[in-house]
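Top line first, the protein sequences correspond to chains D and S.
Final position of the first sequence in our numbering is 133; the numbers increase by one with none missing.
Final position of the second sequence in our numbering is 652; the numbers increase by one with none missing.
Just so you know, the hints here were simulated from the structure itself, not pulled from any lab data.
Just so you know, even glycine gets a beta-carbon here, dropped at the ideal spot from N, CA and C.
Where hints are given, some of them may not hold.
[Claimed, not checked] Pairs of lysine-lysine, DSS-like flavour, derived with a Cα cap of 30 Å:
no. : chain 1 : residue 1 : chain 2 : residue 2
1   : S       : K490      : D       : K13
2   : S       : K103      : S       : K366
3   : S       : K284      : S       : K213
4   : S       : K555      : D       : K97
5   : S       : K213      : S       : K80
6   : S       : K366      : S       : K348
7   : S       : K458      : D       : K36
8   : D       : K13       : S       : K458
9   : S       : K458      : D       : K97
10  : D       : K97       : D       : K128
11  : D       : K97       : D       : K125
12  : S       : K80       : S       : K166
13  : S       : K212      : S       : K171
14  : D       : K97       : S       : K589
15  : S       : K488      : D       : K13
16  : S       : K166      : S       : K324
17  : S       : K80       : S       : K171
18  : S       : K178      : S       : K80
19  : S       : K447      : S       : K538
20  : S       : K138      : S       : K368
21  : S       : K59       : S       : K103
[Said to hold, decoys possible] Which residues of chain D face chain S? A partial, calculated answer using Cβ under 8 Å:
no. : residue
22  : D10
23  : H12
24  : M14
25  : L19
26  : S21
27  : I22
28  : S61
29  : M88
30  : K109
31  : N110
32  : E112
33  : K113
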Amino acid sequence: MKYNLIIADDHKMFIDGLLSILSDAPEFSVTTTAKNGAQVIKYLDINGTKDLHLLITDLSMPEMDGIELNRIIKEKYPTLKTLVVSMHIDGGMIEKLIQNNVDGYVPKNAEKDELLTAMRTIVKGEKYFSRK
Amino acid sequence: MLCFSNLHAQEASKDSANEDPPQRITFSTIPNTREDSLLPYYEALKTADFGSQRFSIFEQLVEEHIKKGNTDSILHYGNLYVKELGNWEKPDISKNLHYAKAHYFLGIGSHFNGLLDKSVEWHIKGLQEAEAANSNEYQFKNKIGLAHNYILKSESDKAIAMLTKAITNFGAEFPDQTIQARILLGNAQLSKQAYVLAKKEFDEGLRMATDFKNLEKELTVKLEIAKLAEAQADYEKAFQGYESVRNEALSNGFIAIYFEGSLLLGRLYYKEGMYETANIALSVAYINAINRENLQFQREALIVQARSFSKLEDYKNAYAIMTQLFGVNNQINTKQQREIIKELEIQYETLQKEKAISSLEEDQIIKAAELERQKTIKNAFLIGFFIILIPVIALLYLYYQKIQTQSELTKKQEEINTQKVTALKQEQELNLIKASIEGQDEERKRIAQELHDSIGGNLAGIKLQVSTMTGDSDKWKAINSQLDETYQLVRDISHTLIPKKFKQHAFSDLIREYIASISSSGKIKISFHPHPEMDINALDEKVQMELFKVIQELMTNTLKHAEASNVDIHLSLLNKELSLLFEDNGQGFDVSKIKEGIGFENIRSRIKELNGKFHIDSSKNRGCVISIEIPITTTSHEI
Numbered sequence: 002m003k004y005n006l007i008i009a010d011d012h013k014m015f016i017d018g019l020l021s022i023l024s025d026a027p028e029f030s031v032t033t034t035a036k037n038g039a040q041v042i043k044y045l046d047i048n049g050t051k052d053l054h055l056l057i058t059d060l061s062m063p064e065m066d067g068i069e070l071n072r073i074i075k076e077k078y079p080t081l082k083t084l085v086v087s088m089h090i091d092g093g094m095i096e097k098l099i100q101n102n103v104d105g106y107v108p109k110n111a112e113k114d115e116l117l118t119a120m121r122t123i124v125k126g127e128k129y130f131s132r133k
Numbered sequence: 014m015l016c017f018s019n020l021h022a023q024e025a026s027k028d029s030a031n032e033d034p035p036q037r038i039t040f041s042t043i044p045n046t047r048e049d050s051l052l053p054y055y056e057a058l059k060t061a062d063f064g065s066q067r068f069s070i071f072e073q074l075v076e077e078h079i080k081k082g083n084t085d086s087i088l089h090y091g092n093l094y095v096k097e098l099g100n101w102e103k104p105d106i107s108k109n110l111h112y113a114k115a116h117y118f119l120g121i122g123s124h125f126n127g128l129l130d131k132s133v134e135w136h137i138k139g140l141q142e143a144e145a146a147n148s149n150e151y152q153f154k155n156k157i158g159l160a161h162n163y164i165l166k167s168e169s170d171k172a173i174a175m176l177t178k179a180i181t182n183f184g185a186e187f188p189d190q191t192i193q194a195r196i197l198l199g200n201a202q203l204s205k206q207a208y209v210l211a212k213k214e215f216d217e218g219l220r221m222a223t224d225f226k227n228l229e230k231e232l233t234v235k236l237e238i239a240k241l242a243e244a245q246a247d248y249e250k251a252f253q254g255y256e257s258v259r260n261e262a263l264s265n266g267f268i269a270i271y272f273e274g275s276l277l278l279g280r281l282y283y284k285e286g287m288y289e290t291a292n293i294a295l296s297v298a299y300i301n302a303i304n305r306e307n308l309q310f311q312r313e314a315l316i317v318q319a320r321s322f323s324k325l326e327d328y329k330n331a332y333a334i335m336t337q338l339f340g341v342n343n344q345i346n347t348k349q350q351r352e353i354i355k356e357l358e359i360q361y362e363t364l365q366k367e368k369a370i371s372s373l374e375e376d377q378i379i380k381a382a383e384l385e386r387q388k389t390i391k392n393a394f395l396i397g398f399f400i401i402l403i404p405v406i407a408l409l410y411l412y413y414q415k416i417q418t419q420s421e422l423t424k425k426q427e428e429i430n431t432q433k434v435t436a437l438k439q440e441q442e443l444n445l446i447k448a449s450i451e452g453q454d455e456e457r458k459r460i461a462q463e464l465h466d467s468i469g470g471n472l473a474g475i476k477l478q479v480s481t482m483t484g485d486s487d488k489w490k491a492i493n494s495q496l497d498e499t500y501q502l503v504r505d506i507s508h509t510l511i512p513k514k515f516k517q518h519a520f521s522d523l524i525r526e527y528i529a530s531i532s533s534s535g536k537i538k539i540s541f542h543p544h545p546e547m548d549i550n551a552l553d554e555k556v557q558m559e560l561f562k563v564i565q566e567l568m569t570n571t572l573k574h575a576e577a578s579n580v581d582i583h584l585s586l587l588n589k590e591l592s593l594l595f596e597d598n599g600q601g602f603d604v605s606k607i608k609e610g611i612g613f614e615n616i617r618s619r620i621k622e623l624n625g626k627f628h629i630d631s632s633k634n635r636g637c638v639i640s641i642e643i644p645i646t647t648t649s650h651e652i
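Make a model of the complete structure from these sequences and hints.
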């Protein structure tokens, strides 16, 4: 089974990095990428969450940040899983994300294997929070 | 007149030569010059003071004149006495005795002048005044004078009754007057032809006169006894009595007695038909009477002389004498009239004087009233002036106070203004610093964020790409680990750059930092004790901000005024109540005297907004403790 992904990050270089490691994981295919949360919401509003399984998002983005994006998605499209990949490892922020039913969290400097493990765990329906 | 008398004198000498009388009788005029005996009185009168001293001289002078029968002098001094009494400034009561005396003198004078009614009038006046003055002497004297007049007016019974009573009342006290009274009593009895009774009175008088050695009275009594003898037709005895008394009186200076003796002698000669001799005696008596101006004697002498001439059938001389008599009578009448006129004049003058006095008094009263009025006006002016002055002073005082309070007010206002200005300046500075810090923070925050997000994110992306190539070579592995290191470096740099707020620094740390910046000077040691720190850091941001500002304000106050070396700040949250305890060990102040400046006012208003309580406890040299309590209803868990 193929899992369709949607990636939101305002840094092109990180998206490229993600795409490069996904070539080693053929069960994942990237449906679309967005530069901020607002673009993601716009896409979902138009296309719905059909055939979409996982959203990988940064926290600090212009227009709409990852926290807000996660909150809206969990409200409007609860079937879509969310994985936050961020530089911030602040306890308070993570707490806020958990309150909004985030499915997983991984720091940005995580290794390739950890990222993939997180993605696989979440799409299976479990939660993944990095130990760091 | 002188010629006439000389003629008579010649006649008399002829007569005496022809008739060869049994006794040699001499007639002569008595020189009527100013007697030397009276000289001292006149001298005394010149120098005497007005009043009692002069009056006593009058009295003595008149007594002398009475003895000598100088009618005009008696009346003159009597009148002068009355006149001066009128001008004497003494109460009427003290004047009574003097009036009694003066009127007595006037009575005697009038009697000598033959003005019997006038004399009675004066004596009655004198008697009343003597009674009023309680003077026994002058009551007696006036009564005697009155009785004398009554006798002459043929009211003998009246005279007898009066004299008898007077003698019993005053007899013992005044022997001289008693002798006189006895004589008069005798006279009265004589006129009633009660010869035995008269003789008795005369004998009594004579006895007293000799006893008291009063020659005048003795002679008078003797004369009276001679009269009695004449009345009893014992002419020889009478003649002898008259003659001896007359001569003795002349030699002793009792002129009045001498006159009377002469007159009686003349009459006796007439009675015995010795008209020529009578005429001579009477002429001399008449001349002497003229010299003494005694009209009574003149009249009596002339009456007898006229009769004598008519008996001699010398009608020419009788006519002449009658003419003289008529003239004398006329003189008496005119005198009487003059007296009346004088009296009227005096009355008029007194009235005039009284009028003048009353007008003067009126003037005085008017003047007094005017003075009183002026006084009242002056007083009114004075009182009015004071009444106006008092509010003026009060107003001035109020004005002065107002000016003072105004100046004080302006001073205070200036002080407040300067305080405000400094406070504003401080606030401005604070704001400036805050703004610059905020700007700096903002900048640092932006740089940190950029570093963290962009460079960190890019590094993460590069790392992921590199990690897919690790299988190819060990070199990539090394690059991967270098990337990891760089990433960590960027994170660290950004974290150190990021301001506290960004890092969500705790409130307690903020205060600590503030304290550290102040105590860095080293002059003051500040300790901060928050408890429990967690809860305090979780306070509402607004409360934290206000608290921070309050602490700043308190710190400023302490630094400015207290000269403290140690400050303790306790911040505790217990049972939903935040309490701030700010202590310093500075010089302190008197809480009741402190003028709450802008600093305290600011703190108060801030705390009021938070529904808190503010309390200052301080005293001189005992430092200062400020406690603030704020109720906390909500705590923010938002970070």
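Here's how the hints hold up against the structure:
1. S:K490 x D:K13: 23 Å, holds
2. S:K103 x S:K366: 17 Å, holds
3. S:K284 x S:K213: Within the cut-off at roughly 26 Å; holds.
4. S:K555 x D:K97: 23 Å, holds
5. S:K213 x S:K80: 25 Å, holds
6. S:K366 x S:K348: 25 Å, holds
7. S:K458 x D:K36: 22 Å, holds
8. D:K13 x S:K458: Holds. D:K13 to S:K458 sits at ~23 Å (cutoff 30 Å).
9. S:K458 x D:K97: 22 Å, holds
10. D:K97 x D:K128: Holds: D:K97 and D:K128 sit about 16 Å apart, inside 30 Å.
11. D:K97 x D:K125: Holds, at about 23 Å.
12. S:K80 x S:K166: 23 Å, holds
13. S:K212 x S:K171: Within the cut-off at roughly 19 Å; holds.
14. D:K97 x S:K589: 26 Å, holds
15. S:K488 x D:K13: Cα-Cα ~25 Å, so holds.
16. S:K166 x S:K324: 28 Å, holds
17. S:K80 x S:K171: Answer holds: S:K80 to S:K171 is near 26 Å, not above 30 Å.
18. S:K178 x S:K80: Cα-Cα ~26 Å, so holds.
19. S:K447 x S:K538: 24 Å, holds
20. S:K138 x S:K368: Holds: S:K138 and S:K368 sit about 25 Å apart, inside 30 Å.
21. S:K59 x S:K103: Holds, at roughly 22 Å.
22. D10: 7 Å, holds
23. H12: 4 Å, holds
24. M14: At about 4 Å, which falls below the 8 Å cut-off, the nearest Cβ of chain S leaves the hint on D:M14 intact, so it holds.
25. L19: This interface hint holds because 6 Å falls under the 8 Å limit.
26. S21: Cβ of D:S21 sits 5 Å from chain S, so the hint holds.
27. I22: Constraint on D:I22 satisfied, holds at 5 Å.
28. S61: Hint holds; D:S61 Cβ to chain S Cβ min 5 Å, cut 8 Å.
29. M88: 5 Å, holds
30. K109: Holds. Min distance 4 Å.
31. N110: 5 Å, holds
32. E112: This hint holds: D:E112 lies near chain S, its Cβ roughly 7 Å from the closest one there, short of 8 Å.
33. K113: 4 Å, holds
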